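A.B. asks: Chains as they are written, first to last, in the numbering used here: chain L, 20 to 93; chain W, 1057 to 1437.
Rather than coming from a laboratory, the hints here were simulated on the basis of the structure.
If you're wondering where the values come from, they're calculated on a predicted model, not measured in any experiment.
Hints are not guaranteed to be accurate.
[Unchecked claim] Straight-line C-alpha distance at most 20 Å; calculated PhoX-like pairs for lysine-lysine: (1) W:1177 - L:47; (2) W:1185 - W:1206; (3) L:83 - W:1273; (4) W:1331 - L:47; (5) W:1183 - W:1205; (6) L:68 - W:1269; (7) W:1408 - L:47; (8) L:70 - W:1269; (9) W:1287 - L:73; (10) W:1292 - L:73; (11) W:1078 - L:53; (12) W:1292 - L:83; (13) L:53 - W:1088; (14) W:1292 - L:70; (15) W:1177 - L:53; (16) L:73 - W:1269; (17) W:1208 - W:1185; (18) W:1273 - L:68; (19) L:73 - W:1273.
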Amino acid sequence: MSNRKVTEIIVGVIFIGALIAFFRELMKLNESTKTALYDDEALKELDNKEKREKLDNYVEEYHKTGEWDEALLK
Amino acid sequence: MAITLDFFLLFLLFIIPGLVFKRLYFFGEFSKQFSLKDNAYTILFFSFIPGIFFQVLGYLVYWLVHDPTFELYDLILNMRFYLENENNSIPINLGTFFIHQLNVNLFAGIVGWMSSRIVRKLHLDRKTKLFRFGNQWYYIFSGEIESFKKFKSFNTKVAYNKLSNQNDFKHYPPRVDVLVGNNEHDKTLYSGYLIDYDLNPKNIHSLDKIYLKHVSKYRSIREGDSSEVIKTYYSKIPVFGDTFVLDTTNLINLNITFIPLSESKFERKEVKFGKRFIYRVIYNLGVIFNTIVMLDVLFNNLTLSAYFLPESYVNDVADMNWIMRLLFATLLNFIVSILLPVYDKNKTTKEKIFTYRGKWRVVFTQLVLIAINVFVLWIFW
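Please build the complete structure, drawing on both the sequences and the hints.
C.D. replies: Below, the structure is given as structure tokens:
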């Protein structure tokens, strides 16, 4: 096989690799730009009654004082 | 007939690529901006503009790739001639025209899909009105409105901004207090966590319904109310159920509270991102480099490796059989790998995380392998 042919094969393999990498990046771009109103994990936390009560207190305190008191979340 | 045919061509050439572009550009929460229920003239006009762009660009690509002397315009005219005179044979291949059209539509689709994601990724829609999507309610409910220029400068003292002083709005569902009522004497206040919302299909700027979870209803204190529900001046009655759907036709006002995650969580995320990214880039570059070296040594007589290897080595390796070449390529791979980060096995995230922590153990193994490799090469060279 001539050197030129082999170089073409190498370039071809690299090109295919680059193409795969490009599509992977595209998929990542799609993942990272998904529109959502909240974190899925945060939503799960809401189903926990204890956590929700803490959150309610956290928000009510904020409504009263205008400042977030992080200690209430811990 | 002529008008119908012209319209058909106009539709095929410009409107369809424009529609394809719009369909893929408006995605997710913004997909309502693409609707075929709109006024026909509006649809045609706003599809025609991007359609022209893609058709011209498609033609340029066609002109560059194919015979520049051959005019696509001729092709279109010929097609018109063919359609009007069915008995006449067409001088060009009609298939070429449809392949070109397919390419233009594909191109419009890819550009539409990518550009909207890039706009979101670079936050261009938050920074400039030009790129802003029509769904204002999404920006309001997601908290992204707080990063708009006007709100950002106005709200610097708002606690939410203070805690989340970075680009991502990772937060709990917003807590909303909704006041609804038919008249001044019939008002009800609800509060809960906003999970979803519907826009009015006839007017996407207007809200239709909101979906809440863990809802409470406020009313004046009544006899028999338990101490748990009685607050200072009112009773807060929990509304039990899985999802609370509220029609917003009689919405009076809406108070939204974004609940920030703790500041420390944000800081940790930011610090990790920079290092992770750099390590991943180093690792990927190393893998690409090693692949090229391996292929070059095995199949390409070291044409590319000659740029960084001494000439004597290149000449010697070029005379070797494939097993010895494989050994030599592996040796080069090991040497390069010493500089690369390793997988962080302690992190069980979806994405692979690279680190230099604990690398010395791997380096030791690599040095042993290099020694064996050099030894074998020295014996058989």
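A.B. asks: Does each hint fit the structure? Answer for all of them.
C.D. replies: Structure-based check of all given hints:
no. : hint            : verdict
1   : W:1177 - L:47   : 11 Å, holds
2   : W:1185 - W:1206 : 11 Å, holds
3   : L:83 - W:1273   : 19 Å, holds
4   : W:1331 - L:47   : 19 Å, holds
5   : W:1183 - W:1205 : 7 Å, holds
6   : L:68 - W:1269   : 12 Å, holds
7   : W:1408 - L:47   : 14 Å, holds
8   : L:70 - W:1269   : 14 Å, holds
9   : W:1287 - L:73   : 17 Å, holds
10  : W:1292 - L:73   : 16 Å, holds
11  : W:1078 - L:53   : 18 Å, holds
12  : W:1292 - L:83   : 16 Å, holds
13  : L:53 - W:1088   : 15 Å, holds
14  : W:1292 - L:70   : 19 Å, holds
15  : W:1177 - L:53   : 10 Å, holds
16  : L:73 - W:1269   : 16 Å, holds
17  : W:1208 - W:1185 : 15 Å, holds
18  : W:1273 - L:68   : 18 Å, holds
19  : L:73 - W:1273   : 19 Å, holds
Of the hints listed earlier, there is not a single one the structure fails to meet.
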